[in-house]
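Number of protein chains: 2
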Amino acid sequence: MKNITNLLPIKYPIIQAGMVWVSGGKLAAASANAGILGVIGAGSMKPELLKEHILKAQSLTKHPERLAVNVPLLYEKSLEQFQMALDLGIKIFITSAGSPKTYTSWLKSCGAIVIHVTSSPELARKCEAAGCDAIIAEGFEAGGHNGRDELTTMVLIPQVTDAVKIPVIAAGGIIDGRGMAAAFCLGAQGVQMGTRFVASLESSAHENFRKAIIHSTPSSTMLVMKKHVPVRLLKNKFYEGIKKLEDEGASEEKLIQELGKGRARQGMLEGNLEEGELEIGQGCSMVRKVQSVEEIVNEVVNDYQKIIKGA
Amino acid sequence: MKNITNLLPIKYPIIQAGMVWVSGGKLAAASANAGILGVIGAGSMKPELLKEHILKAQSLTKHPERLAVNVPLLYEKSLEQFQMALDLGIKIFITSAGSPKTYTSWLKSCGAIVIHVTSSPELARKCEAAGCDAIIAEGFEAGGHNGRDELTTMVLIPQVTDAVKIPVIAAGGIIDGRGMAAAFCLGAQGVQMGTRFVASLESSAHENFRKAIIHSTPSSTMLVMKKHVPVRLLKNKFYEGIKKLEDEGASEEKLIQELGKGRARQGMLEGNLEEGELEIGQGCSMVRKVQSVEEIVNEVVNDYQKIIKGA
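If you read the sequences in order, they're chains A and B. Residue 303 in my numbering sits at position 208 of the first sequence, and the numbers go up by one each step. Residue 195 in my numbering sits at position 100 of the second sequence, and the numbers go up by one each step.
Since the hints were made in silico from the structure, they are not lab data. Bear in mind the structure is a predicted one, so any value in this text is a computation, not a measurement. Take the hints with a grain of salt, since some may be wrong.
It does not matter which identical chain is used: a pair holds within one copy or between any two.
As the list claims (entries may be wrong) - Under the rule of at most 25 Å between Cα atoms (straight-line distance), these lysine-lysine pairs were calculated in the BS3-like manner:
hint	residue 1	residue 2
1	260	401
2	339	321
3	186	106
4	146	186
5	404	97
6	260	384
7	141	356
Build the full structure now, drawing on both the sequences and the hints.
This is the structure we're talking about:
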């Protein structure tokens with residue numbers, strides 16, 4: 096099977112997802128050291144903070160070429176984030192939450208590799224037309240922000256691989272070697288994993304959040320905020336408040352008001368499990384212990400190889 | 096890889112799903128003839144009508160041992176349906192929408208094989224404890240009635256196979272050989288396919304409904320009626336009515352009133368694409384032509400084998 100180690104300077108076809116409040120320089124460096132793509136989630140980071148994380152990651156790995164930055168295009172600071180990262184030698188960008196047309200040509204003219212995150216075959220075609228090198232196709236199972244059509248990884252990946260010629264990286268619900276093998280059967284050339292790495296030793300997730308993940312059950316997450324921007328959350332008091340409003344038919348404005356400000360930071364970074372927003376994937380109940388990134392990668396790759404050989 | 100051809104007298108580890116208004120004797124016989132399990136969806140059939148369909152299926156195949164009946168346990172007539180089918184020589188039952196405890200021991204004492212449909216690892220354990228021979232684990236992608244936890248096939252199957260020792264058959268979003276191969280990587284020993292067979296030549300689906308499927312897009316379905324019994328529908332005027340009420344926060348009573356009576360028959364059997372209820376899986380947009388069951392099975396199995404060999 097073809098895989099993205101031809102496109103990216105990594106040993107295994109795995110991308111550690113860029114995640115707000117969770118994937119800083121430490122996690123990205125651990126991922127690069129383990130042979131996969133280490134991604135700093137720029138999220139709403141100010142350029143100076145992003146600089147700190149990139150420098151930290153570069154100081155902690157002998158494989159700086161395996162470092163990437165995930166830039167959501169919905170913030171004002173995107174251009175400054177790109178410029179800062181390029182100046183520091185970053186050559187791989189993952190873009191999301193915006194049009195692939197906006198920055199792809201320019202980034203490519205700067206010598207960068209560009210991968211855009213999509214949740215539909217239609218958007219995948221637009222990414223290809225915009226000149227992206229690859230696509231991350233993210234299913235309904237994924238934590239955090241999510242597509243409106245609710246296409247699951249099982250249904251999304253074959254349709255995206257049919258729609259484009261560039262490599263497709265599968266995301267959403269991939270926790271172990273079984274998920275990785277399944278994604279390859281569906282036509283993917285790589286996988287992006289987020290949830291499993293949230294509960295790694297090197298993530299910036301608060302210990303309370305990591306504990307909540309390893310004690311979660313299959314029914315612990317749900318997709319909400321569909322009238323605004325759909326987001327998959329670990330159920331807690333904050334989630335129940337949103338859910339109640341939705342069941343009552345609340346407007347988008349009312350939902351945004353309930354959402355408030357800084358809830359994600361409060362939950363994921365500061366560990367407030369009641370009032371905070373806890374973004375996590377549906378596969379969280381398959382994560383049963385906190386492990387180092389190296390341990391996770393070795394386990395996933397070994398299990399994947401066993402399954403493929405047994406097939 | 097182990098597969099359910101050890102348990103069931105079939106050539107390929109595929110089950111044609113029992114579906115209300117769609118899978119009568121003709122479809123079940125075509126499936127048995129093609130080497131897979133042919134399932135008559137008893138749904139709300141009166142015992143006399145079920146008898147007709149069983150006799151018809153038996154008359155159309157040289158493999159009556161490959162015929163099964165799917166009995167949803169929520170109707171009053173379940174016991175009569177079982178009795179009728181047993182009297183006619185049916186030895187394989189798929190039960191759903193009720194407790195696996197109710198009939199499993201009795202059916203097994205009559206010499207039957209019993210497979211229960213679940214949508215969570217917790218219920219899978221209950222099926223095993225009740226003595227079921229196998230489990231069909233059905234993900235969020237599936238058409239028609241659906242689990243409350245919205246667990247997708249990708250996330251559900253590994254957790255169910257971890258939870259029980261009896262064989263697990265994957266359902267939900269499996270349309271072609273890629274999906275079948277993925278399901279096996281996730282730990283399944285067989286697959287159940289519904290949507291693909293709705294658009295077969297031998298299904299009882301109205302021609303209008305079959306056409307709607309082969310012209311559907313990835314965003315054509317959605318799960319609704321979550322306050323009552325969640326159901327995945329092809330979007331149409333009927334769906335829009337339900338959706339509008341839900342967005343306004345309508346009560347379960349109001350939704351049931353909007354649902355009305357006989358909508359599924361009106362849509363799927365009679366072909367009223369506006370006012371009828373059209374139950375279909377999320378993978379419908381991967382079905383691009385109406386084919387015979389034999390053609391479908393050969394295509395799926397050949398593609399599956401190619402993928403497994405290429406892995």
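Handout entry: Within, between, both or neither, where residue 260 and residue 384 count as close if Cα-Cα is 25 Å or less
Key = between (38 Å within a copy, 23 Å between copies)
Practice task
Go through the copies and call it for residue 146 and residue 186: within, between, both or neither, with a Cα cutoff of 25 Å.
Solution key: within (14 Å within a copy, 67 Å between copies)
Handout entry: Alpha-carbon proximity between residue 186 and residue 106, which holds within one copy, between copies, both or neither at 25 Å
Key = This pair counts as within: shortest intra-copy Cα distance 17 Å, inter-copy 52 Å.
Practice task
First find the shortest C-alpha distance between residue 339 and residue 321 inside one copy, then the shortest across copies, and answer within, between, both or neither for a cut-off of 25 Å.
Solution key: both (13 Å within a copy, 14 Å between copies)
Problem - Intra- versus inter-copy proximity for residue 401 and residue 260 (alpha-carbon distance at most 25 Å) - result: Between copies only: 20 Å across chains, 28 Å inside a chain, cut-off 25 Å.
Exercise for the section: With 25 Å as the alpha-carbon cut-off, assign the pair residue 141 and residue 356 to within, between, both or neither. Expected result: Intra 17 Å, inter 57 Å, cutoff 25 Å: intra-copy only.
Exercise for the section: Check residue 404 against residue 97 for me: Cα-Cα at most 25 Å, and say if that holds within a copy, between copies, both or neither. Expected result: both (16 Å within a copy, 14 Å between copies)
In this structure, every one of the numbered hints holds.
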